[in-house]
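*Asks:* With the hints in hand, could you dock these two chains into one complex?
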Amino acid sequence: MAGGIKKFVVGSFDDEAVLFPAVKNVRKAGYKIHDVYTPFPIHGLDHAMGLRETSLHTAGFIYAITGTTTALSFMSWVFTKDWPLNVGGKPHFALPAWIPITFELTVLFSAVGMVLTFCYLCQLSPFVKKHHFHARATDDLFVMAIECTDKTNDAEVQNFLQKAGAKEINIQVAETGWWIGRYDREQKLYREEKGY
Amino acid sequence: MSLLKYESQLREPLVDGDKNYHQVTEDIISPIEMKPSKLWYIGFFISVGLLLFGAYSVYREVTYGIGQWNLNKTIGWGWDITNFVWWVGIGHAGTLISAILLLFRQGWRTGVNRAAEAMTIFAVMCAGQFPIWHMGRVWMAFFVLPYPNSRGPLWVNFNSPLLWDVFAISTYFTVSLLFWYSGLLPDLATVRDRAKTKLRKLLYGVASFGWTGSTKHWQRHESLSLVLAGLSTPLVLSVHTIVSFDFATSIVPGWHTTIFPPYFVAGAIFSGFAMVQTLLIVVRKVMGLQDYITLGHIEAMNKVIVLTGSIVGCAYLTELFIAWYGQNPYEWYAFSQNRANLFSPYGWSYWLMMFCNVVSPQLFWSRKLRRNITVTFFMSIVVNIGMWYERFVIIVTSIYRDFLPSSWSTYYSPSIWEIGFYLGTFGLFFTCFFLFAKYFPVIAVAEIKSILKTTGENYKAKMTDIEKADSDKFYIEEVEHAH
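Protein chains in written order, with the numbering used here: chain A, 1 to 196; chain B, 1 to 483.
Calculated directly from the structure, the hints in this document are not laboratory data.
Cβ atoms here follow ideal geometry from the backbone N, Cα and C, with glycine treated the same way.
Watch out, some of these pointers could steer you wrong.
Unchecked claim - Only part of the chain B face toward chain A is listed, based on derived beta-carbon distances under 8 angstroms: (1) Gly210; (2) Thr212; (3) Arg220.
For reference, chain B alone in the conformation it holds in the complex (with noise of 0.2 angstroms):
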């Protein structure tokens, strides 16, 4: 009697080699139990290095003011808010990957989830950061939360769309981090039950809430992560839906526009999946898990990012199209000259802009590409990089000449303070993902077993032989019936 489920041989194995499941289980969780490589020490002491350089920087902001950052009179939004946009939009990714995927039912999506809402998590801790610290007063920062107060009580303003922000983000990384936590539950238990010392044992104990593994428990995880899928979906949708309305919401031209949620949303996931390619197809090497996270994961996910990239491309145009369509000189003004004229003094970012994010993706068309680990790594550099300069454009563009000519800003590059700050997130990002790394499954081990028997390399084979034979019999059969 066999178990085994049909899939079609036409879909690659998202498990190579000859696995069965406690292979699945020491696979993946024998990096963690072993001493972390040189390398591990040496990424992990730059990341807290950069932490401590971003820590510092925001001591003096914080000390002697937002003067230590090189914003203007008009350029009150520079680097911090475009990082601020950057690492919110990169975190999209992995709830896409968790929840979209989920609700899509695709299997791959199993070799890459848990990294990915890790990834999540970090990016939008990182996010946080900027908002709170450019309000300046920091310890004033509760003032966004509607709390009865002395004041009044005085209550924020529900209808601005920065509120909106401070409800999207904080709900958005509650979520996630009940998402991951919760998936994480299992694993964890399967850590606990295989800890050689005590320490171990008491630590992944109490990480796992004393995950039995029982069939009920199953049946309300299973019921629990498909909500939490489904809630999940809109919720990543609303929060760059909400970040783009900080912009279209206001009249400055070049972001009075109803494009950008869209746009917006499609540009996050875009990068998003450019930053899991450059964490995982470093994970996977240096951890071994290729037989996991195989080729096939990263052209699925190459394939997202020349859809969304497209996307985006078309959004660019579009939006320049409707500036000239439009007739509104100051609109048609941000776009023409601001952006699209090349001698202007941010000519430069918005030529950068379209190279990375619309020119470069397409090279994503030919398979062979798709499946270069290489050029794969590369490219979600550059789309990073394609990324950060649409924010920048967006925000730096759009203000630096403002209705008055008389204030209109000389050339804006922002202090070292400013660069600390942004430094500071990527220390915290990738601190927070080394340790992920070091002491969580990477992947997620009950999810790879489910799809085991179905998509494994080693029972496909099987199936091939289940299916031949199953055809000889049908086809004898045929034949014995039209004699």
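If we strip away everything but chain A, and leave its shape as in the complex, we get (with noise of 0.2 angstroms):
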């Protein structure tokens, strides 16, 4: 497990337009983003922040072909080999009749998929204990978390924010070693950094 004890430089922005070219200047300069905290999804700033593009859609389109064939070869099995039903002579094998619950299952199953999907990726769940850099993350602010490293200079760190427009800064250790695996590009970045 990657993570462990951290000591991050926290900035809050209250305007979006002053956190993208900031988000820009902190990369530019070689200070690692852990992470931009957002009260609203910000088209672009995944793109910004160097991350991937995510790739759940794929899951959620495996999750739909598997409900597909789950009851496509359930029904089958059940209503030509298990219990062959005469109803007036229709064929066994009544494909047109079981679209609908063929749809349903397809449907239900990437639904589901999906968003256990998500919930795991993101590490959401109740009783889930995580470190909030801002209580106004949720409300209006855009809180971004610089990691430090034993060369980091905290004190330049903090002016470089300030100098971008952030107006609240404020240095916060924290405990970030509840991921399950490694998750994006950054995580790799910061391991390379780190000599790994």
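*Replies:* What follows is the structure in structure tokens.
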């Protein structure tokens, strides 16, 4: 498991228009952005931060075809092999009549699977303990957490954030070890930096 | 540097007033942090009372059997299935708003989607009651599930529309619930982070699943919402299609028609929007959310009502025409005598339906009436009555005179326990809705914030200035260039 106790310089912005150039500059200066916490989804911020595209929808597709095959194979097995019923001489393999249930199971598997995967990837569940860098990150502030390494000069980072337009700046120590595995390119960059 | 995105000035703002992000949070969340008003308690206890009456009606039905209802030899489906179809239909508006309008990138959905989705879930819960208790021996209800059993195993009939319904309704409920709750997570986190008391912090902390607002999470959340919307769109169409198959695949005159799926879906959306109007007109007033659920929102929904109402009207006329054109004597009898003949036992219900669903929504061609709250509220009730009668007409007028005239039934009117059951589902619906309005953000806070800078009134005003400055500059440059 990656993570452990880490130190962060946390800067809070009150305007996404200031945040965007700040993200760019912080990355250019070579600091490692741990994450940016925002009250609503900001389009393009993931790209600005260098996060890769999510492949959650691919998972959704895989769940969907699992649902399709489950429904079709189960109904075929029941009506052609396990308990064939003669309904007025109609064919046992009644594909058109199975379309509705096949469709419903496709949707059901995909939706349930995707939501569970989403919760797993984001480590969301009741009673999970997480570090919240700023209580107003779910209200009106855009909170950028920059990870400090042994070589980082905290004061320099704070100054940098100040210049970039952050309204509130502080230093926090937090546990980040709740991830199961590596999840994005950022994590990898960090490891490379540390020379693992 | 400005990040303002341009939206045409011709479009009216979706958020009124001088708002910033914090103000949005404040406006939507503070009502649920206060003690509920007297009005809330009165409404809540009336709903619980109705729910208890419904529970007692169901208790009688389970104890003494289906005979507690006034169903008879030919009318085997009466109020129960009428109510089932009516409630399922109402649910459809929520999914339409949250899924289809998301795919169509309709900004106005953000003001109403949360409450409409909640309505969907509660309406489907109410709908589900009817087929379940209608089974009579409700303790055998699990027989509808295809599980390995000791009776063979004898499987359910996958070729039956009634079984398709089991799958459709349960999938619909599950997917709507997931869609709704995944959208709620960020907003519940907002409530959690504002909480003053320990208990609130704990409860909303548990409910928000530890949401932080991380960019990566938002990215996945967006992807999840989009795919769930993509799945829900065909799902919602399939659900009422399958409900209509319950009728259309039979050979009962008046039911055996291929027009049913689109006709049912349009009717469902029609009645659902009417219910959304009924609820939101009250909610916006009581909770002071007029800035977020504006006249523009109400007008947009009224446009959907006039469209779907007209589709429904077109379907009524089409089936009437085809019944005549098809020259099947039974089909034509069902339409000309059982329904359209005002002096037949149920003729009045047919014409009431025609009036409520086809004639009255035409008022909404007038912009003035579309933007009139009193008219809208009144119309939303009329439409819901009309859509209830549509299902009543379809069910009862088709089966009260079957192929054997000797068994033509006498006039069917529901028993008090049948009515009680219906009222009970109202109790269930409004109890859930009152609790929802008290404990959950009724408007999607995060989504409003994401459209605030493009469609907020104050930001649009700012945009006008920028636009004007730009066009002036352009004009000056053009003039200089010309010289």
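*Asks:* Given B:Thr212 was flagged as interface, is its beta-carbon under 8 angstroms from a beta-carbon of chain A?
*Replies:* holds (6 angstroms)
*Asks:* Have a go at the B:Arg220 hint: is there a Cβ in chain A nearer than 8 angstroms to its own Cβ?
*Replies:* holds (5 angstroms)
*Asks:* If you take the shortest Cβ to Cβ gap from B:Gly210 to chain A, is it below 8 angstroms?
*Replies:* Holds: closest Cβ of chain A sits about 4 angstroms from B:Gly210, inside 8 angstroms.
Violated hints for the displayed structure: none, as all numbered hints are satisfied.
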